[in-house]
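Q: This is what each chain is made of:
2 protein chains.
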Amino acid sequence: MKFLSKKILFICGLSWSTMLLSQSSTVTQYVNPFIGTGAVNGSSLSGNNFPGATTPFGMVQLSPDTKEAPDWSVASGYNYNDKSIYGFSHTHLSGTGVGDLFDISLMPYSRQRKYPIYSRFDHEEENAKPGYYQVNLLEDQIKVELTATQHAGFQKYTYHKDSAEFVLLDLDHSMPKGSWGCRIIAAQIKIIDKHTIEGFRIITGWVPLRKIYFYAQFSKPIIRQKLQNGSTLYKNQSIINGTDLKAYLKFEKNSNPLLVKLALSPVSTENAKANLEAEIPNWDINNTTEQANNLWQKELGKIQIEGTEKQKRIFYTAMYHAFTQPNKLSDVNGDYMAADYTTRNEPNGYYSTFSLWDMYRAAAPLYTILQPKKTSAFVNSMIDHYKEFGLLPIWGLWGQENYCMIGNHAIPVVVNAVLNHLPGINPKAAYEAVKNSSLTSHINAPFDIWENYHYMPENLQSQSVSITLEMSYDDWCVAQLAQRLGKTEDYKHFMDRSKYYKNLYDANSGFFRAKNDKKAWIEPFSPLNYGANGGNPYTEGNAWQYLWYVPQDIPSLISLIGGKSMFIKRLDSLFTLKDSTVKLNNNASGLIGQYAHGNEPSHHIAYLYDYAGVPWKTQFYTHKILQEMYNDSFSGYAGNEDCGQMASWYIFSAMGFYPVNPANGIFAIGSPLLQQATINLPSGKTFTVNAKNVSNENIYIQSATLNGRPFTHTYLTIHNIQNGGKLVFIMGDKPNKKWGTNKEDIPPYSIFNKN
Amino acid sequence: MKFLSKKILFICGLSWSTMLLSQSSTVTQYVNPFIGTGAVNGSSLSGNNFPGATTPFGMVQLSPDTKEAPDWSVASGYNYNDKSIYGFSHTHLSGTGVGDLFDISLMPYSRQRKYPIYSRFDHEEENAKPGYYQVNLLEDQIKVELTATQHAGFQKYTYHKDSAEFVLLDLDHSMPKGSWGCRIIAAQIKIIDKHTIEGFRIITGWVPLRKIYFYAQFSKPIIRQKLQNGSTLYKNQSIINGTDLKAYLKFEKNSNPLLVKLALSPVSTENAKANLEAEIPNWDINNTTEQANNLWQKELGKIQIEGTEKQKRIFYTAMYHAFTQPNKLSDVNGDYMAADYTTRNEPNGYYSTFSLWDMYRAAAPLYTILQPKKTSAFVNSMIDHYKEFGLLPIWGLWGQENYCMIGNHAIPVVVNAVLNHLPGINPKAAYEAVKNSSLTSHINAPFDIWENYHYMPENLQSQSVSITLEMSYDDWCVAQLAQRLGKTEDYKHFMDRSKYYKNLYDANSGFFRAKNDKKAWIEPFSPLNYGANGGNPYTEGNAWQYLWYVPQDIPSLISLIGGKSMFIKRLDSLFTLKDSTVKLNNNASGLIGQYAHGNEPSHHIAYLYDYAGVPWKTQFYTHKILQEMYNDSFSGYAGNEDCGQMASWYIFSAMGFYPVNPANGIFAIGSPLLQQATINLPSGKTFTVNAKNVSNENIYIQSATLNGRPFTHTYLTIHNIQNGGKLVFIMGDKPNKKWGTNKEDIPPYSIFNKN
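Which chain is which? The protein sequence lines are E and C, in order.
Residue 579 in our numbering is what sits at position 579 of the first sequence, and the numbering runs on without skipping anything.
Residue 606 in our numbering is what sits at position 606 of the second sequence, and the numbering runs on without skipping anything.
All the given hints hold, so there is nothing to weed out.
It does not matter which identical chain is meant; a pair holds if it fits inside one copy or across any two.
Mimicking EDC-like on lysine to aspartate or glutamate, the simulated pairs with C-alpha atoms at most 16 Å apart in a straight line are: (1) LYS487 <-> GLU432; (2) LYS692 <-> GLU306; (3) LYS226 <-> ASP448; (4) LYS83 <-> GLU139; (5) LYS235 <-> GLU451; (6) LYS387 <-> GLU270; (7) LYS235 <-> ASP448; (8) LYS310 <-> GLU628.
Keep in mind that the hints were calculated from the coordinates and are not lab data.
Please put together the full structure from these sequences, using the hints given.
A: What follows is the structure, given as structure tokens:
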């Protein structure tokens, strides 16, 4: 693999003038869409990212699928270690642990053969950059180029001059049927004329029901067509209905490549057609490619960094992954399918792909800073979801709920947005949504039990320790918004609930442990034992990893554990304790002792040393994680990238700070990796972090200034950032054990409310 | 069972004045909704009708279900032989061989117990009339009364004065899960306030996807609620999402009965609410009951008859069953879910429940005469279906296709409507629909094979003999519309295809028989052997029954069989040949020899004697069928009533004529059963058939006059009827072998086109 150089940009048709104009600040050149697309076999977990073409927050992710029916291990459709491509489908998830979507697959081929139609490919003949992907299909000798707009994919197939030009349109391509109950409910292919095909598929899978309508145009005429429904072939026919539908198309052969543009809609083929007409009115694929790149340049350029080339590649690819979702679900005209399966309209755009258990931690705070308008649209989409569904989304996919993971972590996202005064969000509607989402029981969230027992008894609700900890945090968030809105009783009630985590702390073992409904500790207990997604008190982790999850009140956690020195000792143990006998959960990867950077429960932990007055230890471990858990290869992430969360950890941490509590406006300071990072804020202001003398050895903060004045806090506030300014760190190779250690330097409770 | 007497009408609150006003012409009093609701065990097939409350062509059929999960044997939800009621659900099919719908069930109960909640009932404490049903639930001592509007059900639960008032709202109630792939995709119950609940369910079953939204109001406040998702109970909660949802509701106890009104929509809860507000704005259930009765009176009063009380009961119940469907699928505002799963709007109303293999034969011609405007709406709905789906419906349910049965019998319905100049149908759009539906292959209709072989080879397409015969007829219909529109080439093409049936006539055996794709007869062959719905050349019948299916050209059939006397001899054999050794198909019932009135392929056969110059034999057998195959008991039909077809056979035949070819404007004359029948035509004219001296013995036509002039034709034309007038038959107990036997008296080819 080599990602796209300037030379290739030229080849694919961008004008020099455009390139020269933007060259000075062009950051998309650093993006390597292959980062996270595969695992080093046996030694890591794939990021589960896809390398294909997409636009920021777009509906369409046009990307190659390297499996006939991609499962969780190829959740993005593409595994860098695979050798063949089975088609180019229009929707993909980036970094998830469950694979779904893969809608409307096209596969060019040059000789007739039996289904499945696939072709070998080689990374040496494969390239990608933001909004563009290219591969050569080896047996078929077809050069495939992909680009995308918000709602459409645009493809160019350059066949060998001597070979026939076939395309398979595959509406049956999906995750394995039966997996998550996956089944195609209905589908249709309608050949409108020799250049136009429309249709749809209705599919149940990870979410109950997705409707995907499409409208496709081909630059050359179809000269032969076969439609297939299951095992039955229909020749010379222009429409087919069924569940397992395919169209085998033969196109006129001439010296021009075959171009295909295909738009999606969740509402109707008419809307898909309107989306296509609005976004790709002509056949200029180079123009569309350039547009896509420009969109990315605009978004990624919001942070300008100085650092090594490798750091830039990791950083801007992280930005790219962070802004790949949430995804627009509404059509150009605002239509979308709501959580109650009705067609509704949202002129400002309706969004989905809310992998909230992951993205509430760092991705959402990143959006709040860099994408405040979009964040408002995300939050309003969540509030609309609440109106139709009775709950804020837990894991929102194509506007629906799959109940994946635990907690109700739309709450911190919504609360943080309101507390930050993001424009266009109705605080009362937001509060109704977060409050009722905290009272309305659902899978993994039995609030009646919560209110009755003041903890989750494992025999009544599995994953009880993780849920108790995470729900306590969500409740704290509700309380914060209640306080802001003057709802004193609600504030008290939810603040009480936010302390329920204490009821599962076992001072004897020094861990959060499971109790049954008789308040008895569940035996036997081993803090190393892993849980997965049920049947165990811990979610995708163990007691060591979940010991640290009280972001809403770390001083209380420190007390609970036995004071600062014990807290530090236990943290040290976390990062050093190794045990090769325990059976790891699939999601446990990126290990440093028991710390597992490959999964989200660990993400805030390295910053906790700040709260205990030993910030140099935060500096040590955050630097170690930045260096060891990220690289610029296909296996660049230590685990599933998880819809921007793993990327956002890097983006924040490489700049030197991180939102330990993603709803209190505070960012704990770690160890800046980059020489300099400048955030171009939406207000027009800039916030710059400069790390003088930073190097692989000089990882410790010696001193700092903020806007020229001495700065000793181990935290920034959102206001520090939003007001603009310059934070300068002087770095050295030895800890300065005096910097950031005074009481007032420790990250406070919240900038929005008092404790 | 006793159906509703005038006394009971009074009890349930209709005013005397209303009754007195309408008494002279009140025909709804004769309707017994229990006819067809059960089989005499072991000796007949149930009509599969339901006894509950509905309005003509309405969306809602509110009726008791006597099984927890009704299957094909209780396709209407209700079996007269059952002893318990499991709930009152809002949608039902009338007379089908497959059970589906059963949406949104409510079950009142008076003491808490485990699911399923059911109660014994007794026909002695059960009553029904058009638009009203009442039953006493015995253990629970609850009197249940049901009525309906187009889109809503209205229920009254009178609990015992000492018992608690519970209602189960069951969104999981359906046909057996897994049957036809039945599975609930998603559902929601939302308790809006103490008097209001809304929600929906999305279900896949006999058709791919139905969305049923509801909005319900209760006259008394809910004082306790438990929501259930699968095995999980949620107390004190107002919303639940899932697949297997139930709400256990407890209502305030006072001296008033509990009233429930619940409206449906296929589009949204907002539309369901609007439907309810439009149709049941208040709590006057007696008024709604009266309205429903008035709607039926208006429709059933379109034919006024004189005859015995029993004849009136059978006749008007048949009218009631004929007008129970097609059903309105669109909301009050015109919204509906189209065949491509989009939301569309049809201000004139969108209809579904098109059991076309059945209803094209006699029900559709009946609608053409009595319901021309509705027929236009039905036909336009079919044409819209074609636009979204590429095919006219085969069996249209809730706007979708289940491909049930064979042929494409929307074609005769659409063609007949256009040839009859029904208002508001675009002939070009209609022709495009019928033509493309005759060229676009689909399940059981491979037109490429049809055009290639000029018959269906059984090894390529099962049910080949039945399909060859029925497809030939549909092709003839297409040709007729082509001729009308001056499309000469199409006319020739489809006329050629309409003769393909001849390619399967085996002169040696004297039957239509299956060939393979090598043109060889498939051996062994027994004309008595039954096929079902695949795996055999005959569909739900045998070679004897399918020998007669050439309604488009009976003279050619007579020639094929060997001339008139051979034709008569073979017909005589059909009605007399008995064989107890052959295994009957489930649908073969109502047998007279090999004639099976219980299923549709036989329905036209008794009229074929007219075409051979022996009309007295038609008179004999049609009278015999009228007398033997219909009665006014719960087992009043000889087989599944099939969405109005079995009923329409009676309606036509009891008046003395029948549409042997339902698209040529000709009605063959049989033996009038009724003393007099007057059709009140939409034009304001009347057409009266008077049968002087008719009796159980006087079944033969001695002579006739039409508008005072001697009439010897064994047929009427649609114009004879539409022009109004009076047809008088003089009946006697011996055949008049001279009447109707001249060449010009034999039913002609068509009144619309020449051969």
